[in-house]
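Protein chains: 2
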Amino acid sequence: MSQAVSPLAPKRYPRMPDVEGVRIATAEAGIKYRGRRDLMVMVFDEGTEVSGVFTRSRCPSAPVEFCRANLPGGRARILVVNSGNANAFTGRKGREATAMTAAAAARAAGASESTVFLASTGVIGEPLEAGKFAHLLDGMVARAMPHGWEEAARAIMTTDTYPKYLTATARLGEAEVVINGIAKGAGMIAPDMATMLSFVATDAPIAAPVLQALLSRGTQPSFNAITVDSDTSTSDTLMLFATGKAAQRGAPRITDVRDPRLVPFRRALNRLLKQLALQVVRDGEGARKQVEVTVTGAKSSRSAKRIALAIANSPLVKTAIAGEDANWGRVVMAVGKAGEPAERDRLAIWFGDIRVAHEGERDPDYSEEQASAYMRREEIAIRVDLGLGRGRATVWTCDLTKEYVAINGDYRS
Amino acid sequence: MSQAVSPLAPKRYPRMPDVEGVRIATAEAGIKYRGRRDLMVMVFDEGTEVSGVFTRSRCPSAPVEFCRANLPGGRARILVVNSGNANAFTGRKGREATAMTAAAAARAAGASESTVFLASTGVIGEPLEAGKFAHLLDGMVARAMPHGWEEAARAIMTTDTYPKYLTATARLGEAEVVINGIAKGAGMIAPDMATMLSFVATDAPIAAPVLQALLSRGTQPSFNAITVDSDTSTSDTLMLFATGKAAQRGAPRITDVRDPRLVPFRRALNRLLKQLALQVVRDGEGARKQVEVTVTGAKSSRSAKRIALAIANSPLVKTAIAGEDANWGRVVMAVGKAGEPAERDRLAIWFGDIRVAHEGERDPDYSEEQASAYMRREEIAIRVDLGLGRGRATVWTCDLTKEYVAINGDYRS
Chain L
0 MSQAVSPLAP
10 KRYPRMPDVE
20 GVRIATAEAG
30 IKYRGRRDLM
40 VMVFDEGTEV
50 SGVFTRSRCP
60 SAPVEFCRAN
70 LPGGRARILV
80 VNSGNANAFT
90 GRKGREATAM
100 TAAAAARAAG
110 ASESTVFLAS
120 TGVIGEPLEA
130 GKFAHLLDGM
140 VARAMPHGWE
150 EAARAIMTTD
160 TYPKYLTATA
170 RLGEAEVVIN
180 GIAKGAGMIA
190 PDMATMLSFV
200 ATDAPIAAPV
210 LQALLSRGTQ
220 PSFNAITVDS
230 DTSTSDTLML
240 FATGKAAQRG
250 APRITDVRDP
260 RLVPFRRALN
270 RLLKQLALQV
280 VRDGEGARKQ
290 VEVTVTGAKS
300 SRSAKRIALA
310 IANSPLVKTA
320 IAGEDANWGR
330 VVMAVGKAGE
340 PAERDRLAIW
350 FGDIRVAHEG
360 ERDPDYSEEQ
370 ASAYMRREEI
380 AIRVDLGLGR
390 GRATVWTCDL
400 TKEYVAINGD
410 YRS
Chain U
0 MSQAVSPLAP
10 KRYPRMPDVE
20 GVRIATAEAG
30 IKYRGRRDLM
40 VMVFDEGTEV
50 SGVFTRSRCP
60 SAPVEFCRAN
70 LPGGRARILV
80 VNSGNANAFT
90 GRKGREATAM
100 TAAAAARAAG
110 ASESTVFLAS
120 TGVIGEPLEA
130 GKFAHLLDGM
140 VARAMPHGWE
150 EAARAIMTTD
160 TYPKYLTATA
170 RLGEAEVVIN
180 GIAKGAGMIA
190 PDMATMLSFV
200 ATDAPIAAPV
210 LQALLSRGTQ
220 PSFNAITVDS
230 DTSTSDTLML
240 FATGKAAQRG
250 APRITDVRDP
260 RLVPFRRALN
270 RLLKQLALQV
280 VRDGEGARKQ
290 VEVTVTGAKS
300 SRSAKRIALA
310 IANSPLVKTA
320 IAGEDANWGR
330 VVMAVGKAGE
340 PAERDRLAIW
350 FGDIRVAHEG
360 ERDPDYSEEQ
370 ASAYMRREEI
380 AIRVDLGLGR
390 GRATVWTCDL
400 TKEYVAINGD
410 YRS
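If you read the protein sequences in the order shown, they are chains L and U.
Position one of the first sequence corresponds to residue 0 (numbering that gives the first Met the number 0), numbered consecutively onward.
Position one of the second sequence corresponds to residue 0 (numbering that gives the first Met the number 0), numbered consecutively onward.
Hints are computed from structural coordinates only; laboratory data are not their basis.
What you are looking at is a predicted structure, and each value in this text was computed from that prediction instead of being measured.
Incorrect hints may have been included.
[What the hints assert, rightly or not] Part of the chain L face toward chain U, derived, beta carbon under 8 Å: (1) CYS58; (2) GLU112; (3) ARG142; (4) MET144; (5) HIS146; (6) PRO314; (7) ALA319; (8) ALA321; (9) TRP327; (10) GLY359; (11) ALA405; (12) GLY408.
For glycine and all other residues, C-beta sits at the position ideal for the given N, C-alpha and C.
Kindly generate the complete structure, drawing on both the sequences and the hints.
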């Protein structure tokens, strides 16, 4: 499972500030991996509000069901995340494991079980032995510290080749608030949500229903617009925690999503979510190129997104990109198979700024050398204009390489 | 592009009998390939009736549009197929090429242009120069012979590693009738229809509307139940020709699809279509294993088919099979992402006869060694029971190997 770090890994990482009201600890629980931390705890001060979005899989993991049940309460005191085992498709044993972990976490944090949140990522179908790590939670909560975001990002990795974390600031009223986020995910990444865990925390005083509205909206052009392999995980989890500590520095409490003071925060949050989502795509299993697919001129934005995803998920488009070939014929094929309104003789296709097809034919002026040179880049942009309406959408994916097959097929050999 | 022959190629081929009323010729037109035949003509005696089903792509090729326009006439005198160029996304030039080919073919066969049918397979977006081969048609019609089905199957190949042809017989009234079929296709294979061409001819006297009903029904559990890579071609064409010559041997003319005398013919046709479709899957690009996915206990057959396709198209399921790993967790994932009714705690999954999961958990009695031994076979059967209803469906696919990526990504290097 040891892969070289993705060539698309960030060249530099931000220094992560503290988020007042959040403390972090990690540990080596030996759940599956040896010699690395695989357990992470985030402890939140009293008053922390929470929102979340989860996988749409019909076969969700036990922790996803556990979180869904606690979410309506809107309060969080502790988050426990393990890597190495997804606690998915584990039946009664899975529910016993979440119950045992939640009880130990609540005891450790001195809080109600209704304020505990859990996430697990790793192998599906293997019972998670919570007994192996539940006894560690007491000590972890006791030694949890405000720093440690980088370690937290590392502890939740599975096939990721690099840790994913980002920070942002925004004005809220007269105060400056912090937003920190971590994410993991590399394969089984598809809308909606993918084998993706992401946890974002802020010190802004924002009420849970507002957080939920921000998050549900914000995932559409970020985590719901990325795909690595069209495979959706049983465990996808994105949560947003707000400790409210910035109120002490004069930040106003926001209880209405239409509050104009929320605008800069929303913008900063959306940018952070998009950047975290792109970090996941750029660590797509075997990825060597980031691919942005934009569809314009569709009948509707929904239609544009479906066509964009048909292109982004096409194995033939993705292998052509891996082969650095501007094979726009395969883009035509993918548009045609999407089942959405499209008229062949109105199609135009660009690779970067190079228009390769126009009005249903190869662009007579297009230079294959120029296109080939473009395809050697690390970031490829494909645009398709349908010429039918005003719908548009952008999604992101990566190329499909032999390494993807090796990572997902050779792991037993 | 030279690949070794698929390990799943047929061990032996049938000797193809003649179909009375059908004559065949092939030629080297040099459309793209050198040193091989790339043009095929089938000439039909007067009175031949025809039916067809075509790609559902919104960007169909020029020959598909041409055939669709002629099909309501129900009569066929000549079929012209070229490989090396799909004449797809070629705009006005594409329509000029079909018009020129059709005119030359009609002249050569001494028939109306409304009885000409065309198919092209190969590169998309490259103008097809019909002038390169239209002049050959006269000579080909003149020398066309009743035998030559094997050569015909070879002339229409693109990335196929072996020719695909089959024959069957059936009783029709007191007479025995022949059904011969050829097919091509290896990649861009997905429901519905895929980069797949298939031409089936019989001497049975069956009216065009009955042929159409038989074909539309017969493709559902055959060509519409296979997928190599979920990518649907712009050019998929399946046609069924009936010369009616068996009437001279006493076969009754069939004008009603409910005619009980049609039953053995329908059965033989359906078996032939299914076997041809499986030959396409077994030549899937890079394939080393044939995979049958059966879903039972679904709310409806439609729902069962969608779930079966979600499993068969999942890159993670397909790479696990390539890696000979009974990774049923990925099957659970694929069931979950299909968006169809499913209850995690009722799921059961088998690899062959080995039940690996039961009531939402790993089957406690399942032996990993036994499952691993099973996965080393050449033909893998996966069954999922949803425990919800009586809907069932079976689809076929192949594994996803590094060779698939090499074939589709390395072709320029």
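Going back to the hint list, which numbers does this structure go against? 2, 3, 4 and 5
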